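Q: If you count the first sequence from 1, position 58 lands on 62 in the working numbering, and the numbers rise without skipping.
Simulated from the structure, these hints should not be mistaken for lab results.
Fair warning: there could be bad hints in the mix.
Stated by the list, open to error - Per label pair, the in silico range of CB-to-CB distance:
| hint | residue 1 | residue 2 | range |
| --- | --- | --- | --- |
| 1 | PHE27 | GLY59 | 10 to 20 Å |
| 2 | GLY32 | THR70 | 33 to 43 Å |
| 3 | THR70 | ARG29 | 31 to 41 Å |
Stated by the list, open to error - With a Cα cut of at most 25 Å, we get these calculated SDA-like pairs of lysine to any residue:
| hint | residue 1 | residue 2 |
| --- | --- | --- |
| 4 | LYS26 | GLN41 |
| 5 | LYS48 | ILE68 |
| 6 | LYS21 | ILE31 |
| 7 | LYS22 | TYR37 |
| 8 | LYS26 | ARG42 |
Every value quoted in this text rests on a predicted model; they were computed, and no experiment measured them.
For every residue, glycine included, the Cβ atom is placed at its ideal position computed from N, Cα and C.
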Amino acid sequence: MEGNRAPELPADGYEWKKYGQKFIRNIGKFRSYFKCQRANCNAKKRAEWSASEPGDLRVVYEGIHTHGGPPSGPDSGSSQGGSSADANRYNLLTQVLGDQTPPHDPSQTGHQYN
DNA sequence: CGGATTTGACCTGCGC
DNA sequence: GCGCAGGTCAAATCCG
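Please build the complete structure, drawing on both the sequences and the hints.
A: In structure tokens:
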């Protein structure tokens, strides 16, 4: 199946259900739409990647995890603690790069395409 | 059998 | 007012 479909998305520890996929002409890239499978969770995930460049993957988290934390936290026991308020920190759009980490401008919360 | 995933069609919003 | 783009939902299918 792994022909030229959706690439491997980075597992964030949450469970997502794909509910749609479309090609965005505005940016000439594919876009997949995911929704949190947890009840009471209005968190959504949006993944977009180039139609030709498999290395260009972009994951954008939209909404907040109102159900608390992930089913399998990567480091549950430290700052995570297991508080719903922790997830509430994501009240804004959290942009996560699938492979590359922005080495500069950490305050860059806006979405700036390449 | 259940759950997950995929594709298509439909609807809404914005621009011109 | 119409057209285009983007977004969402539903149904069908496949795998475990």
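Q: None of the hints should be skipped; say for each whether it holds.
A: Against the structure, the hints:
Look at PHE27 against GLY59: about 18 Å separates their beta carbons, and that is inside 10 to 20 Å. A hinted range of 33 to 43 Å holds for the C-beta pair GLY32 and THR70, which are about 34 Å apart. For THR70 and ARG29, the Cβ-Cβ distance of about 33 Å falls inside the hinted range of 31 to 41 Å, so the restraint holds. With a C-alpha separation of about 21 Å, the suggested pair LYS26 and GLN41 falls inside the 25 Å cut-off, and the hint holds.
A hinted pair counts as satisfied when its Cα atoms are at most 25 Å apart, and LYS48 with ILE68 qualifies at roughly 8 Å. With a C-alpha separation of about 24 Å, the suggested pairing of LYS21 with ILE31 holds against the 25 Å cut-off. At most 25 Å may separate the alpha-carbon atoms for a hinted pair to count; LYS22 and TYR37 meet this at roughly 6 Å. Straight-line distance between C-alpha atoms of LYS26 and ARG42 comes to about 24 Å, which keeps the hinted pair within the 25 Å bound.
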